[in-house]
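If you read the sequences in order, they're chains H and Z.
Note that numbering that gives the first Met the number 0 has the first sequence beginning at 0, numbered continuously upward.
Note that numbering that gives the first Met the number 0 has the second sequence beginning at 0, numbered continuously upward.
FYI, nobody ran anything at the bench for these hints, they're computed from the structure.
Please read these numbers as outputs of a predicted model, since none were measured by experiment.
Hints should not be assumed to be uniformly reliable.
[Said to hold, decoys possible] One side of the interface only, derived from the structure: several residues of chain Z facing chain H at Cβ under 8 Å:
#, residue
1, 9
2, 78
3, 177
4, 180
5, 181
6, 184
7, 188
8, 237
9, 241
10, 244
For each residue, glycine too, the CB sits at the ideal point set by N, CA and C.
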Amino acid sequence: MSTLSHIVHTVAQQAGEAAETTGLNADEAKAVAGAGGAGMAYGLAAIGPGIGIGYLVGQAVQAMARQPESAGQVQTTMFLGIAFTEALALIGFVVFILLKFV
Amino acid sequence: MFAAVEFPPIENIVEWPTWFGSGALAFNKIAFMGFIAFILPVLLFLIASSKYKTRLVPKGIQNVVESSVDFVEKQIILPTIGPDGMGYLPLLLSMFLFIFIGNLFEIIPTAHMPANARMANPLVLALITYVVFIGAGLKHNGPKYFVSALFPPGVPKALYVLVTPIELISTFLVRPFSLAVRLFANMLAGHILLITFSVLTISLVGGGILAIISPFSFGMLVAFTGFEFMVAFLQAYIFTLLTGVYIGGAIHPAH
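If we strip away everything but chain Z, and leave its shape as in the complex, we get (with noise of 0.2 Å):
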């Protein structure tokens, strides 16, 4: 009765051709999100900026722009940098836009694939994060950063022991995986449970005298299509405050 409509194989959900190009420089359809994705907010920038010496009251794309940034300014750096993290507003605000803009293909029609569901993705952007709080810590506090995130303050010295190999494990090793894995994850599940739902539609459409109840499993699609609007915000989001967590920790160490 299913039989109209196999589940695909994992290779033909995550996997593209390639258009051109060999090797690790081959150019496929992700590769072409990720270069939208870091046009797209320099060309909305450029566009911004260059009305914004005519017009101070912002109007149209300007406003767009002016809210992204003071979103990324109170939402993301004050709680976790404070003040004098200002400094850090260009990079987290890339990586903000970036990483949305990826996302977002993932409920675009025709693109339906978000590019941060292969691991390549969210792994360069993990490692960009992990090089930054290392060092933005080695900036503010010198060699004595090390000290201070290996050997915690205010600890019992027999505890360093057990205190200092957990510490070396979950902040130089475990960190970058775990950002990787938090965002491919989440992206890649959003994209099968997407997939599920269309090939459930489609097969039950040709199921005989289940086509009846196929409304609603459309229904659940459109559903999670809203859903997943949520969670390409909100994993942007937490890459975004995890990266300023990360970089807050390094700068004001023993908090």
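If we strip away everything but chain H, and leave its shape as in the complex, we get (with noise of 0.2 Å):
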């Protein structure tokens, strides 16, 4: 939790600092706190997805290796967990989207 507000605190400060150095207006510095932070969103939510469909797929192909009658049961089964695995690495890219562009 204190690395998260430490995060936040930092790029507040960043864009403080840039509006100050560099003479931006405030909707400038605002684009600027904006696109570091729409990187860092999407990096940090890409984290744990990734390694979740990693572990997801690699337990699914060992299953349908020593299991290959069951093949069509797990894999659609393994879909269904991609599918809800992948959604937080995907909201995480509509936060990226909302803070990049809007």
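Starting from the two chains in their separate frames, assemble the complex, guided by the hints.
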């Protein structure tokens, strides 16, 4: 939690410094902070689902290799799991779009 | 050096000029693609069914149509709802074809924009799913559906303080949202990916000595176009599969 507030604080501080040193107005400083926050939001959001999908598909491949006759059922369940895991990364992507462009 | 072509602003990527009409009824490229995605399957099925009477062995278009029905039946309905879910075949099949054809416009030249990369399309589809799975639960289980959905059996009584709010939020609030966002964000991300490599290729060609590496960028563009074809199919499959899972969960509670 303290790490998160530290990041938010750092981004805000950077925006303030950028505004002071370069003489940007408030909107431009906000765009700078938004771009930095957007990259960080997507990067952080991609870590967990990346590990999760890798583990999920690896286990599914193992299951299919051990029991080829249940491959169809395992595949359906694997796609379901991927869909649920991937949603987290995609919400991170939406946050990226909102911070960067809106 | 890279000043030849700049990355276009987001408005130029996803917003299209209105052809006619205004306000909520404005007709543009996205609406046109939506109409094609709706008319094309209807035409294909009409042609296939007109030949069904005289020719029982499928051929040509009839083959395509019959294999799509078979796919939805065997890969989506049987694993998720079970044999008693065949009544939902028309809904799931038309949902699958509408999403798949809408997604395919992402890689069709001159269109190059997935119809589902605007939030309106996935949101309406997700709301249809929402209404259908609650309706299916009410039809098969009556008002007891809400009881079994909010108070899952086999949980110690004291834990309902924790479980019921979580079930309420995850089943009745987050489901349509996550369903819509999954399709929308996947298609928008693919669209932006393709634009990035197109812009990179063009600016490398006009970048002096850097033009040597532009074939690699172009190769990535071609490879990602193939990848996006797979994503278009996979997202249509996952959306329909999740609809099936939600309907199946509503019909057979406490699985």
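Hints versus structure:
1. 9: Given a least distance of 4 Å, the restraint on residue 9 of chain Z holds.
2. 78: holds, 5 Å
3. 177: holds, 5 Å
4. 180: holds, 6 Å
5. 181: Since the shortest Cβ distance to chain H is 5 Å, the answer is holds.
6. 184: holds, 4 Å
7. 188: Hint holds; residue 188 of chain Z Cβ to chain H Cβ min 6 Å, cut 8 Å.
8. 237: holds, 5 Å
9. 241: Holds - the Cβ of residue 241 of chain Z comes within 8 Å of chain H, reaching about 6 Å at its closest.
10. 244: holds, 7 Å
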